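Going left to right, the sequence shown walks through residues 1 to 244 as UniProt numbering numbers them.
Derived from the structure by calculation, the hints contain no laboratory data. Heads up, a few of these hints could be off.
[To be verified] Think about it this way: if two alpha-carbon atoms lie no more than 35 angstroms apart in a straight line, the pair counts; the simulated DSBU-like pairs of lysine-lysine are:
id, residue 1, residue 2
1, Lys-21, Lys-155
2, Lys-155, Lys-9
3, Lys-120, Lys-64
4, Lys-9, Lys-21
5, Lys-64, Lys-121
[As the list claims (entries may be wrong)] Simulated restraints, written as ranges between beta carbons of each label pair:
id, residue 1, residue 2, range
6, Leu-104, Tyr-148, 17 to 23 angstroms
7, Leu-129, Phe-172, 36 to 42 angstroms
8, Lys-21, Arg-197, 39 to 45 angstroms
9, Ile-71, Asn-198, 25 to 31 angstroms
10, Trp-166, Trp-8, 24 to 30 angstroms
11, Phe-190, Lys-9, 31 to 37 angstroms
12, Lys-120, Phe-196, 22 to 28 angstroms
13, Phe-172, Lys-120, 46 to 52 angstroms
14, Ile-39, Asn-122, 41 to 47 angstroms
15, Ile-182, Thr-107, 23 to 29 angstroms
16, Pro-147, Arg-127, 25 to 31 angstroms
17, Ser-168, Ser-47, 26 to 32 angstroms
18, Lys-155, Asn-198, 36 to 42 angstroms
All of these numbers come straight from a predicted model, not from anything done at the bench. Heads up, the beta-carbon is just placed ideally off N, CA and C, and yes, glycines get one too.
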Amino acid sequence: MLFVNITWKFNTDNGCLNNLKLLWSDYNKIDETLPFIYIAGNLIHTSYYFYSSYALIYNDERDKNLIGILIHHTIVIMIATTSYMVGKTYLTFAVGFILELNDLLMTLRIFLKLQLQFIKKNGNLIRLLLLSIFDIFWLQNRLFIYPYIVLESLKFLQQSYGQSEWNSIYIFIYFLYFSIFIMNLYWTFFIINDTFRNGIAIFGDNSEIFAEEKNENFDSIKMSTNNNNYNKNNINSIKLLINF
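Sequences and hints are given; from them, build the entire structure.
Rendered as structure tokens:
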């Protein structure tokens with residue numbers, strides 16, 4: 001959340017997302033010094049992915065997508081460190097802000113832990129709603145805005161190619177950004193599938209509950225009918241005994 005706030009401030013102050021030509025500009029050529037708050041934001045971002053990688057590796061319960069997540073984390077760490085070394089702060093912070101917005105939305109899950117009657121009663125539906133909102137932002141940010149920025153930055157990379165001693169590193173950084181896009185496509189399948197399965201589970205459970213209630217009502221009616229028949233038989237038996 002802190003990194004998102006810092007990158008949002010950076011993009012607002014410098015207008016990176018409004019002027020895409022800045023994204024492939026060398027920050028050090030525009031301003032000699034990078035403010036400490038942005039250096040700290042970059043360190044926080046990198047440290048988080050180092051810690052997350054460590055936690056995933058040494059966790060008792062291994063994630064089934066461990067390899068894919070570690071590859072993603074390694075790419076992000078390489079982008080953050082390499083871009084900072086060659087002064088590509090504009091592109092790093094613009095892309096970081098767009099991609100990390102999705103993680104910020106995932107923190108909304110903490111509301112499901114609130115001990116409120118409404119949340120307890122409708123927890124599954126709320127979870128499905130949050131997943132659906134997350135999917136919309138995921139598709140918009142990672143499959144539309146992000147590739148658009150990457151393609152635009154390629155155009156400016158071609159224009160500036162040969163004007164810097166870091167050309168090979170610039171191409172390497174661009175390759176890393178493209179790799180992130182491929183991973184976005186990969187994760188999209190799992191995210192949509194997870195949302196779909198949650199929806200099926202919720203509505204499937206409701207159908208089963210309705211069927212169970214219907215069966216219970218039918219059994220109750222059947223039992224009541226049997227009791228009435230039993231009572232009628234008893235009355236008829238008593239009448240016969242009296243007449244006899």
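Checklist line | Range hint compliance [Cβ, Phe-172 to Lys-120, 46 to 52 angstroms] | finding: holds (51 angstroms)
Notebook entry, point to check: Within 35 angstroms, alpha carbon to alpha carbon, are Lys-120 and Lys-64?
Noted result: Holds, at roughly 29 angstroms.
Next item on the list: Could you check the hint for me, namely that Lys-120 and Phe-196 are 22 to 28 angstroms apart, CB to CB?
Entry: holds (25 angstroms)
Next item on the list: Hint says 26 to 32 angstroms; check whether the CB-CB distance for Ser-168 and Ser-47 agrees.
Entry: Since the Cβ atoms of Ser-168 and Ser-47 sit about 27 angstroms apart, the hinted range of 26 to 32 angstroms holds.
Notebook entry, point to check: Does the Cβ pair Lys-155, Asn-198 satisfy 36 to 42 angstroms?
Noted result: Between Lys-155 and Asn-198, where Cβ atoms are some 40 angstroms apart, the hint holds.
Margin query: Against the range 24 to 30 angstroms, how does the distance between the Cβ atoms of Trp-166 and Trp-8 compare: consistent or not?
Written below: holds (28 angstroms)
Next item on the list: Starting from Lys-155, check that the Cα of Lys-9 is at most 35 angstroms away, please.
Entry: Satisfied, since the Cα-Cα distance of roughly 26 angstroms is no more than 35 angstroms.
Check: Is 36 to 42 angstroms a correct range for the gap between the Cβ atoms of Leu-129 and Phe-172?
Finding: Between Leu-129 and Phe-172, where Cβ atoms are some 41 angstroms apart, the hint holds.
Note to self: Quick check: does the Cβ-Cβ distance between Pro-147 and Arg-127 fall within 25 to 31 angstroms?
What the structure shows: Cβ of Pro-147 to Cβ of Arg-127: about 29 angstroms, so the range 25 to 31 angstroms holds.
Checklist line | Whether the CB-CB distance between Ile-71 and Asn-198 falls inside 25 to 31 angstroms | finding: Check passed, 26 angstroms falls within 25 to 31 angstroms.
Next item on the list: Take a look at whether the Cβ-Cβ distance between Ile-182 and Thr-107 falls inside 23 to 29 angstroms.
Entry: holds (26 angstroms)
Notebook entry, point to check: Taking only the CA atoms, is the gap from Lys-64 to Lys-121 under or equal to 35 angstroms?
Noted result: holds (31 angstroms)
Hint compliance for this structure: every hint is met.
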